[in-house]
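*Asks:* What follows is the residue order along each chain.
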Amino acid sequence: MSLRIPCPHCGMRRVEEYAYGEVFDVPDSVTGGDAVAFDRAFMHNNAEGPVREAWFHLYGCRRWVYVDRDTRTDEVL
Amino acid sequence: MNEFIEAKVALSWAEMKAAYDVVIIGGGGHGLATAYYLATRHGITNVAVLERKYIGGGNSGRNTTVIRANYGIPEAVQFYKHSVDLYRDLERETDRWIMHDQKGILWAVHTHAGVRQEKSRAIINQEFGYHTEFLEPNEIKKLVPQIDLNAGEGRFPILGASYSPDASTARHDRVIWALAEGAMRAGVDVLQRTEVTGLVKDGNAIVGVETNRGTISAPIVMSAVGGHVTNIANMAGLRLPIRSHPLQAFVTNHYAQGFDRIVASLDLGFYISQTARGEMLAGAHIDPQPSYSYRSGEHFLTSLAHKVVTLLPFMRDLRVLRQWTGICDMSPDYSPIMGTTDVDGFVVSTGWGTWGFKAIPAGGEAMAELIATGKTPQLIAPFGLDRFARDRTLADRSSSGTH
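Here the protein sequences line up with chains A and B, keeping their order.
Letter by letter, the first sequence follows residues 1 to 77 of my numbering.
Letter by letter, the second sequence follows residues 78 to 480 of my numbering.
Hints are computed from structural coordinates only; laboratory data are not their basis.
Backbone N, C-alpha and C define an ideal beta-carbon position, used for all residues, glycine too.
Each hint should be verified, as a subset may be incorrect.
Claimed, not checked - One side only, chain B facing chain A, incomplete, derived with CB under 8 Å: (1) 319; (2) 321; (3) 367; (4) 374.
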């Protein structure tokens, strides 16, 4: 079964309607302007477990939706 | 691996020792190739390859086995060209039949921008030693009679293609077994069902690994992990520029006619070849979200089925038999990451995204040389982890075939 994402405006919709948007999460251990900018540009937490992320409902209401998803199972929490 | 095959291939499973000269995490193609070349080219045999499940059970067994070097930047063309050459010689070198089959790959384009891109690809490939030429539609039809030049009733007309006659496929399991057998015969220990749970550090140096079966000390630890490399890097205290995405593929039932080439459409976004069993094997692009889930999606099955039927109308009479998913470590510039890290004794071979299988021999050979000599070989020097901080990224997105 495909990933489905709940949109607060349109209801449960298939993943093809959305564009993925990462929520950048630079850890506190990274300090300094250049280091933070570099981390934001290239590094990823790539967490195995629950993550908070944004999806743009491109082929729907064209609004951003924030979702908690478990990357081990692709279940929306 | 079943008992019949195990009897044919002389794999010998060793007991775990408390210390090794080199520990390689990940018993896939890159890990086993590194161990193989360490033992056969450099005489370093006190090596352990740690595999969480069974060898070749990760991305090495979850790909579409295309071996090609039609990349878009000089560094990549030279590196993958070397891998294509090593693959061609691998049967003779390991004395095992890996079902290496030279087919030639056709990258079809449907737009004028695509024509320009593939013409420039052919020029760059020729310049750096890999044979690629640009073909006109009538030449494409001769190579692949099944192709619809007016695909999608004219929505995806085939305007040309770049063609690399040296591209080939090989049986993924046999590649893994040939390398594992060769490494074992030379004295390497391959340890299955051995999961790394932590890395032991002394100051800024790696001194060993913790596993579910006990601790192993080693002055050099290499991560050849696919899919879960972020976890291993975190154990070493490293952050990586990697996001892991699922990539799905399927095979259909048997197609009775010959389909000799590998065909890809960059604009539709899929690639297809025929396996030795006659199945049509097709893959598309990665899923948009980072994930570690092997779950199949109907969005993948329906969209890929639509794409292959558009270009190859005969596919509508076939049925999808099975699907699989690999977890691909995508780097920001779509090029691999090989070399040393800021942690002493910890080397990585990662960022293999959707292009790792073709690079198994060249990647393994280069990493073995790096470990044995302590110097980064010229061939992989541009692919270091520090290239992002140095602003020397190797952007080659259009050559991945999965975008």
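*Asks:* Next step is simple, just say for each hint if it's right about the structure.
*Replies:* So, going through the hints one by one against the coordinates:
1. For residue 319 of chain B, the shortest C-beta to C-beta distance to chain A is roughly 6 Å, which falls under 8 Å, so the interface hint holds.
2. Hint status for residue 321 of chain B: holds, given a least beta-carbon distance of 6 Å to chain A, under 8 Å.
3. Interface restraint check for residue 367 of chain B: the shortest CB-CB distance to chain A comes to about 6 Å, inside 8 Å, so the restraint holds.
4. Evaluation of the residue 374 of chain B hint against chain A yields a held restraint, the C-beta minimum of about 4 Å falling below 8 Å.
In this structure, none of the earlier numbered hints is contradicted; all agree with it.
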